[in-house]
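Sequential numbering from 1 applies to the sequence shown in UniProt numbering.
Rather than coming from a laboratory, the hints here were simulated on the basis of the structure.
Treat the hints with care, as some may be off.
[What the hints assert, rightly or not] With a Cα cut of at most 30 Å, we get these calculated DSS-like pairs of lysine-lysine:
1. K219 x K195
2. K67 x K165
3. K97 x K121
4. K212 x K195
5. K181 x K219
6. K219 x K165
7. K67 x K137
[To be verified] Label pairs and their computed distance ranges (CB to CB):
8. A81 x E211: 48 to 58 Å
9. L141 x E111: 10 to 20 Å
10. E118 x D63: 22 to 32 Å
11. D204 x N144: 38 to 48 Å
Everything numeric in this text was worked out from a predicted model, so none of it was measured.
All residues carry an ideal CB built from backbone N, CA and C; glycine is no exception.
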Amino acid sequence: MAPPEMDAATKAMFDILVKNMTELKTANKTHADRMEQLTTKLALSRDSKLRFKVIEPVKYSLDSTIKLQDYFVTFERFCSAQYGNANKNAWSAALGKFLEGDISEEYTGLEGGSMPWEDLKTTLAARFADTAQRTNKFLNLFNNLDQDSDESLLNLSMKVERIAKPAYPTFNQLNLDVLIKNKFLAVVPEDVFDKLNIALLDKDLAAVPFEKIVSLAEKVQKTTPKTVIVEIAKADSAVSIESDPVENVQ
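Kindly produce the complete structure, drawing on both the sequences and the hints.
Set out below in structure tokens:
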């Protein structure tokens, strides 16, 4: 059975609806095509003004916590994203504003901005290789530091301070002070450490001056119980001489 025929008004409304749907589909397709073209253009064109901002690396100095060669890797990634890889020698001129201290002065003296990039990297790495080796040398000394025989606690404390500074050149003074105190406590004799541990109980180590810790260690060492051997008629008797306990540091 054939469907009933639409009256003129209904047919007119149906025709308008079909036309609107067709126009909407066309508009949506056009919009989708334009978005696809824009996305492709942004992906393929490095000259587009609509580009993401590249985050600059932090400035580098010889006191930085990362090695120079590792910094070069980070810097090259930045340059590749910011300037492209067509002319890597142009990266040399960009490096200048990211250097500080002695390495910045060396860069200026070399006229590093006009050097080929690979030559500049090689030259700077060679010039400052001794600095890195020196730091590693002191770091090794610090890690293996111990009290020598007949070495006083005062001399031990000065040795810890002397080696700590070049071993950790990037530490600020507060962190360096805590490092020195911890190292000193780690290398004093065990009996001295035990009494220091009691004397410094509930104390904020960062707030106690290092000089006071050293002074207290010397006092503890002097009052540590000693054993004296007394020979009486071929018989050895051990006499223990006890000292008064050390009071907590104030």
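Here is how each hint holds up against the structure:
1. Between K219 and K195 the CA atoms are separated by roughly 10 Å; this keeps the pair inside 30 Å, and the hint holds.
2. Between K67 and K165 the CA atoms are separated by roughly 18 Å; this keeps the pair inside 30 Å, and the hint holds.
3. The straight-line distance between the Cα atoms of K97 and K121 is roughly 15 Å, inside the 30 Å bound, and the hint therefore holds.
4. The straight-line distance between the Cα atoms of K212 and K195 is roughly 14 Å, inside the 30 Å bound, and the hint therefore holds.
5. The hinted pair formed by K181 and K219 meets the criterion: a straight-line CA distance of about 17 Å does not exceed 30 Å.
6. The straight-line distance between the Cα atoms of K219 and K165 is roughly 27 Å, inside the 30 Å bound, and the hint therefore holds.
7. Only pairs whose Cα atoms come within 30 Å are accepted, and K67 paired with K137 is accepted, the gap being roughly 15 Å.
8. For A81 and E211, the hinted distance range of 48 to 58 Å is satisfied, since their beta carbons lie about 51 Å from each other.
9. With their beta carbons about 37 Å apart, L141 and E111 fall outside the hinted range of 10 to 20 Å.
10. Hint check: E118 to D63, Cβ distance near 26 Å, so the stated range 22 to 32 Å holds.
11. For D204 and N144, the Cβ-Cβ distance of about 29 Å falls outside the hinted range of 38 to 48 Å, so the restraint is violated.
The structure is inconsistent with the numbered hints 9 and 11, although it conforms to all the rest.
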